[in-house]
Amino acid sequence: MSGQVSRAEERAKRSEGPSASPLRRRRLLQAWAPYLFLLPFMVVFLVFLVLPLAYALGISVFETRLVGGNVFVGLDNYARAFGDASFWEGVRRMVVFGIFQVPIMLGLALVFALVLDSGTVWLRNLFRLGFYLPYAVPSVVAALIWGYLYGPSFGPFTQLAELLNFPAPKFLSSGWMLASIANILTWEFTGYNMIIMYAALQSLPAELDDAAAVDGAKGWQIALYIKVPMISSAIFLTVIFSIIGTLQLFNEPKIMYALAPQVIGNDYTPNLYAYTLAFTNQEYNYSAAISFLLGAVVVVASYVFMLVTNRGELRGR
Amino acid sequence: MRREFTRRDFLRMSGAGLAGASLLGSTACGGSTGGGPVELTFWSWVPDIINEVKMFEEAHPDIKIKYVNAGQGTPQYTKLRTALKAGSGAPDVVQIEFQYIPTFQQIDALADISQHGASEVENDFVDWTWGQVSEGSAVYAIPQDSGPMGLLYRKDIFDEYGLKVPETWEEFAQEASKLHEANPDLYLTDFPPNDGGWFTALLWQAGSRPFEGSGTELTININDAAAKKVAEYWQELLDAGTVDTAPSFNNEWYSALDRGKYAVWISAAWGPVFLSGVAKQSKGKWRAATVPQWNAGEQVSANWGGSTSAVTTQSKYPEEATEFAIWLNHNSKSAKMLANKSFLFPTLESLLNSSEFRNQTDPFYGGQEVNSVFVESAKQVKPGFQFSPFQDYVYTQMIEQLGQATSGEISMTEGLDNLQNQVVKYAKSQGFKVRE
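Chains as they are written, first to last, in this note's numbering: chain A, 4 to 320; chain B, 72 to 507.
Certain hints may be false.
Stated by the list, open to error - Estimated spans, in silico, between C-beta atoms of each pair:
| hint | chain 1 | residue 1 | chain 2 | residue 2 | range |
| --- | --- | --- | --- | --- | --- |
| 1 | A | Lys173 | B | Arg506 | 41 to 47 Å |
| 2 | A | Trp35 | B | Lys496 | 54 to 60 Å |
| 3 | A | Asn168 | B | Gly144 | 40 to 46 Å |
| 4 | B | Glu440 | A | Arg68 | 47 to 53 Å |
| 5 | B | Pro118 | A | Trp35 | 54 to 60 Å |
| 6 | B | Val236 | A | Pro159 | 45 to 51 Å |
| 7 | B | Lys156 | A | Val98 | 32 to 38 Å |
| 8 | B | Asn140 | A | Val53 | 32 to 38 Å |
| 9 | A | Lys173 | B | Gly144 | 27 to 33 Å |
| 10 | B | Val344 | A | Val70 | 37 to 43 Å |
It is worth saying that the hints were derived from the structure and are not from the lab.
Just so we're clear, the structure is a prediction, and the values are computed from it rather than from any experiment.
Quick reminder that beta carbons are idealized off the backbone N, C-alpha and C, glycines included.
Could you build the full structure based on these sequences and the hints that come with them?
Here is the structure:
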């Protein structure tokens with residue numbers, strides 16, 4: 004055995020003669036090529052993500068006062084953030100919000116994706132585009148549109164209700180606000196999630212359908228027992244995106260704030276709170292600490308979800 | 072010579088071996104290339120102000136102005152703060168609202184321009200506007216436009232329900248209940264919970280003095296007797312349900328004014344033109360009147376809104392920048408154009424008192440000489456009101472408290488007390504020596 008190895012080494016040594024040099028250079032180039040292609044991304048990643056994060060981390064351990072200037076305060080800002088009821092109330096609100104809104108939105112997206120994929124729908128491309136279209140509307144514009152529709156005295160729903168002598172729906176009241184925002188988000192992002200699931204469904208081999216049909220499976224059984232489990236990784240992805248998106252909710256409550264300041268405080272969502280701290284209270288340092296804490300909450304929430312789903316899969320086996 | 076002395080210029084010049092000339096500062100750099108026109112950057116969101124800028128350039132061939140609309144209010148302030156923090160990129164001349172002068176003064180953003188000719192024009196401006204931009208002998212901006220308060224009311228609704236234009240707040244409350252009883256769908260006015268500037272003007276008129284002092288020492292009395300008087304007054308109207316509490320400055324609210332849900336908008340001198348743009352259907356039905364008084368027979372007004380032109384401490388040409396800021400708002404032709412074309416309510420005495428300005432009529436107000444109502448108000452503005460050096464924070468917290476008060480969670484007076492406590496706490500945490 005050792006003899007074989009040494010012979011192989013000898014062969015290798017021999018091939019490293021002067022004539023083999025261009026080959027080695029090419030190999031070297033091949034090894035480096037992927038990094039060369041990744042370089043533009045890495046530069047942008049460093050400059051626009053890693054550096055700002057490092058900067059934010061840096062300012063989060065200082066405190067800038069209007070009188071007295073910049074003081075190093077260590078982890079004081081984080082300690083304050085940990086005990087900040089405004090922040091945790093916002094997190095709690097978003098968790099409650101997510102528990103209801105995410106399943107509804109993803110459930111709808113899955114149903115739409117399965118129906119479109121089943122091949123029994125006429126004008127499939129038109130429907131696909133139609134479902135997706137709200138996602139193409141910038142979320143600020145979407146919130147403005149819905150804000151108008153929700154209007155308590157002159158919005159169309161109110162006018163319709165008055166016409167029919169029904170009590171006008173109070174979309175912007177404190178009891179309804181979360182549901183109203185959930186509706187906007189569902190309208191916006193169902194199509195987006197549907198496209199991800201639909202793309203995954205399209206990549207499934209058609210033979211599976213045929214085989215299941217031959218075995219006597221009905222359409223809904225094929226969907227539920229064959230297709231859904233096979234695109235579970237795509238669904239998993241949409242859930243993670245949704246968890247992150249929910250905890251970072253900002254545009255919609257920011258717009259709704261102008262319409263219902265009594266209901267939506269400046270700390271309605273953690274992100275809105277961080278924004279207020281930085282840009283109206285001028286507490287950049289504390290805002291940076293809050294942002295990092297929010298980032299940690301997002302990581303924990305995503306991790307918990309992964310843990311829960313993994314355990315489910317294990318038990319299934 | 073271009074104004075911006077960028078890092079690249081610096082490197083190129085040092086690379087070229089200009090070792091003889093000092094590379095620090097713009098004087099040396101101007102000296103090495105010979106004197107061309109000075110270029111100033113000017114930020115403002117006043118529509119069409121580029122016309123006045125061009126007029127200035129024609130009259131001053133040695134000064135070029137780079138005009139930038141950096142957003143209205145908060146977005147511009149955010150950019151300005153960023154530039155100030157970064158140490159470069161701030162404009163030479165910038166539009167700042169009266170209410171934010173102390174806020175930017177606190178972070179040393181505004182240059183004292185009293186030595187560059189600003190003090191000489193003091194007497195040409197309305198007294199209290201000068202009071203808002205100066206402190207002792209120091210001058211931090213040139214007043215541009217103002218917003219003395221006044222009522223805009225629907226004559227058609229007043230006639231239909233036999234209402235009287237209220238001269239005191241007491242009468243105002245009586246008319247409010249009269250109208251709401253006669254027609255529960257209508258309100259005499261709206262008490263918006265989302266407008267700190269508006270509520271502050273009400274406090275100002277009542278004689279409240281929430282902030283006094285400067286530098287590192289601050290006296291905070293947000294819940295003083297005058298403020299409590301305002302709070303208790305509106306509490307009664309809120310309890311009676313005779314005023315609405317819808318947030319202002321959104322489409323719902325504009326519709327409410329347009330369709331006659333509200334008979335009065337407690338407004339300011341810039342309100343008439345603004346209203347005619349957002350409530351077009353109600354043209355001809357509106358009239359203007361002076362703001363109600365706390366004591367019958369008095370003539371006390373307050374200011375809501377209005378802007379100034381300030382020179383930043385980053386400017387390398389404070390003298391030229393001051394010249395521009397003064398000319399823009401002091402030159403009779405420029406000031407007149409701002410008043411007539413951009414509809415800014417003047418701060419210049421001569422313009423306010425000109426019959427040409429006072430006697431302008433507007434069909435939106437049934438041909439009434441609306442300006443003359445607000446010119447009177449401008450003369451009655453109570454001087455001596457001071458804003459805080461962290462006005463954004465005060466407004467945010469004020470809106471929070473007004474929101475809770477209008478939704479009935481707390482009383483207006485409790486709201487004022489909470490506000491006082493929060494602002495005192497904040498001021499202390501920011502390093503101020505606070506007296507209550």
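Structure-based check of each hint:
Distance hint for Lys173/A and Arg506/B: a CB-CB separation of about 45 Å, consistent with the stated range 41 to 47 Å. Taking 54 to 60 Å as the suggested C-beta distance range, the pair Trp35/A and Lys496/B conforms, at roughly 58 Å. For the hinted restraint 40 to 46 Å between Asn168/A and Gly144/B, the CB-CB distance of approximately 42 Å keeps it satisfied. Between Glu440/B and Arg68/A, the C-beta spacing of about 50 Å keeps the proposed range 47 to 53 Å intact.
At about 56 Å, the beta-carbon gap between Pro118/B and Trp35/A stays in the expected band of 54 to 60 Å. Restraint check, Val236/B to Pro159/A: a C-beta distance of roughly 35 Å breaks the suggested window 45 to 51 Å. Distance hint check: the CB atoms of Lys156/B and Val98/A are about 35 Å apart, consistent with the given range 32 to 38 Å. Here the CB-CB span from Asn140/B to Val53/A is close to 34 Å, well matched to the stated 32 to 38 Å.
Restraint check, Lys173/A to Gly144/B: a C-beta distance of roughly 30 Å satisfies the suggested window 27 to 33 Å. For Val344/B and Val70/A, the Cβ-Cβ distance of about 40 Å falls inside the hinted range of 37 to 43 Å, so the restraint holds.
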